[in-house]
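Student: Spelled out from the first residue to the last, the chains are:
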Amino acid sequence: MTHPILSVRDISKSFGPIRALKTATFDLFPGEVHALMGENGAGKSTLVKILAGLHAPSGGHILVAGTETTLPSPRAASKAGIAVVHQELLLFNELTVAENVFSGHNPMRGGIVDWSAMRSRARELLADLDCHDLDVDRKVGSLSVAMRQRVEIARALNHDARVLILDEPTAALGERDAERLLDIVLKLRARGVGIIYVSHRMNEIFRIADRMTVLRDGTFVGTRPAAETTEGELIGMMVGRAVDQIFPKVDVPIGPPVLEVEGLTSGPLVKNATFTLRKGEILGIAGLVGSGRTELALTLFGITPAQSGTIRLNGKPLRVNSPRAARDAGFAYVPEDRGHQGLVRPMTIRENISMAVLDRISPMGFISRTREAALARKGFDLLGVRAANVEQQVGQLSGGNQQKVVIAKWLETNPSVLILDEPTRGIDVGAKAEIHRLICELAGRGLAILMISSELPEVLAMSDRVMVIADGRISATFDCVGATPEAVGRAMTSRREATC
Amino acid sequence: MLSRSIPAEAPRTGALRRFINEYGHEILVALAIAVLLIGVGLYNPRFISSRNLTSIFSGNAYIAIAAIGMTMVIVIREIDLSVGALIGVLATISGTIAVSGAPVWFAWVVPILCGMAINAITGVLVAYARIPSIVVTLGMMAVLQGALITATGGTWISNLPADFLLAKMTFAGLPMPLVWAIVLTILAGLWMRLTRFGRSLYLIGGNAEAARAVGITVPRRIVAVFMIHGAFAGLATLMFATQLQVIQSTTPPNLELIVITAAVIGGVSILGGTGTVFGSSLAAVLFATIGSALIFVNVSAYWLRACIGALILLTVMADMVRRRRAMKGH
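Note that the protein sequences, when read in sequence, are chains W and Z. Quick note, the first sequence lines up with residues 1 to 500 if you use this note's numbering. Quick note, the second sequence lines up with residues 1 to 330 if you use this note's numbering.
The hints are simulated quantities; they were obtained by calculation from the structure and are not laboratory data. Certain hints may be false.
What the hints assert, rightly or not - Chain W is faced by these chain Z residues, among others (derived, beta-carbon under 7 angstroms):
#1 G146
#2 G206
#3 N207
#4 A213
#5 V214
#6 T274
Computed from a prediction, not measured in an experiment: that's the story for all the values here. Backbone N, C-alpha and C define an ideal beta-carbon position, used for all residues, glycine too.
Isolated chain W (complex conformation) (with noise of 0.2 angstroms):
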């Protein structure tokens, strides 16, 4: 057998006091396509950084070729042979295809950069990823997102890459351009490149990998040729653990409808949604990234205000086109990214929980401090947030106890439906254990919770039923016996499937 191109040997990552990664160990060989598994935060991210040349290792060792290398820098990464497309795309949105394909190492004559060869040499490059039509001289801020990422991997092999690291190179294309994109990884692993593909997508794992090795938990599973192994055994792997332990899942009573949608459609990515949220239910909904739920929630919160379809909430029909008018119906939103849609950073836990409440605690327009304090104390306590009180600015917390600020701050306005994106994105297991807890005891305090996430454990063991979005379209609905990882996980890359 040949010798593997690439070997990681125990290979851990710290950040401070958490390890993202411990002893991750695989071999990639030449002409091997080799699929990275794991749920978010299992370290595939951090293993890919730390072969990008981005992270440097805690400990372990990388040997390429079988000659042990660091990787300092992204450079060094590149001069080893590897070559990293990352899921956010890093091209140079205003200049040509050319130039970004050539970024940094432009072919020079006389000291001047050599145009010519460096269109040919594009050219060639691109044809050979079957892109004979793409123009070398166009803008990469015009193209489309397949086309980019293409310009991403001719980049890549233009530095002679014998290492290909795909980072969920599918989560943002439509089917045409997936199915391109495989036929171009089938192709380079003919010419023997060695590549790594990061993927949730079973079908197209089982379609292109060769071998496959799961991270759970930051630490190493285990690696299966794909031949032998079925799509149950890698789910089990992934998952591994008995989830129902760790998630304390509390019945309550489910009451009568509170919210209903119908037809709900708003751009691309929110089709004609139609379901029933019941009094004390969580609804979990699962799907890809890209898939839709994070707009649908953004839809029923008046972010992306819906183009047609009905929302009514305890009976009544609503027009949220606003978030002002999502709140004042009864909504609230605890959003993906806590940075970017629910703290005010440099402000304190005390305006940051009052913030949404403002009109109601200041008459005359004047803030009543009582008020305001007294509000602020309660949430405060009632979630249990760690900090020397409500005075602290809350770009001081961690990640769990700013996830508290949040959900407390929208707590304060009595809401009838909570949406929550992603709650213990970030966060570490003993928070997300106390956030969990207290998602369930909201429900039995008689709240119609939301729950978006993409940690299947997490939606399956806390959702009464579970609904599935791909491409935009609710695909499946479980109640929570159904709901088994295998069934979810078909339905939320199903639209394949669905759409042939």
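Model the placement of chain Z on the given structure of chain W, informed by the hints.
Tutor: Just chain Z now, kept in the frame of chain W:
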């Protein structure tokens, strides 16, 4: 030097300590003024004669008043480069009305209303057309300067009626500009601190998306803030244009930068979300003190700008350090 003290771990408690935490920057600016007054006063006692002090503070009061509005604009994370040109235009409007024989109150009120109207346009372009304020106000500055020089042909307005010269009047023995600057600073400062509207400005500056998500109508607030800023520009004009017997068709060069500088040195973060008008007014006093002190210690007044420039760099650096520290606090 001028950094706002931020608690590294648990915030200090107690009323005095909380006051120091909250107004650390303002206190530092006040201390800097005190040090200058005492230091230069020891060197040359005439410097701290009440006559000198009231005259320098009064002459700079219009900068403090203009900086009140600018503070609000910067707190919501916008900027206004046109305020200097606006004050020039408003001064000419005011003077023209005053010499036309119209009632003197009319010559005082119209510039305030015009300031609001002109800045309403700026605000709408920023809030609804979504053009960055630095671009809108850069354009506005050129438009106003051009209009002013075209309309006046460069001639000065003289023969202003004596009862128009508000800045020469006194109230309880103090020059009017000083009284106005103090009263307006206190009112605006309390208003920003105690009202829902004032709070919303800090929320918008701290995170506009989060403010929008809790139902604050951000674009409307942006227009309102620019209009209020226009009103303060009008008030500043009254103090500026009524100091002398004539109104020139030009404004002090870089007036807008001096006003922005006052806000920044006063502790208003250029990144939005923090700062008070107490700080910006104190910074205006600091400028006046430095300017006068240079004369009293026989240093060329041209050094004033260099001093202020150095202060800006120091303040902004301190602000960056503070933010970085606060961010990795946990």
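Student: Compare the structure with each hint and give your call.
Tutor: Against the structure, the hints:
no. : hint : in the structure
1   : G146 : 32 angstroms, violated
2   : G206 : 4 angstroms, holds
3   : N207 : 4 angstroms, holds
4   : A213 : 5 angstroms, holds
5   : V214 : 4 angstroms, holds
6   : T274 : 6 angstroms, holds
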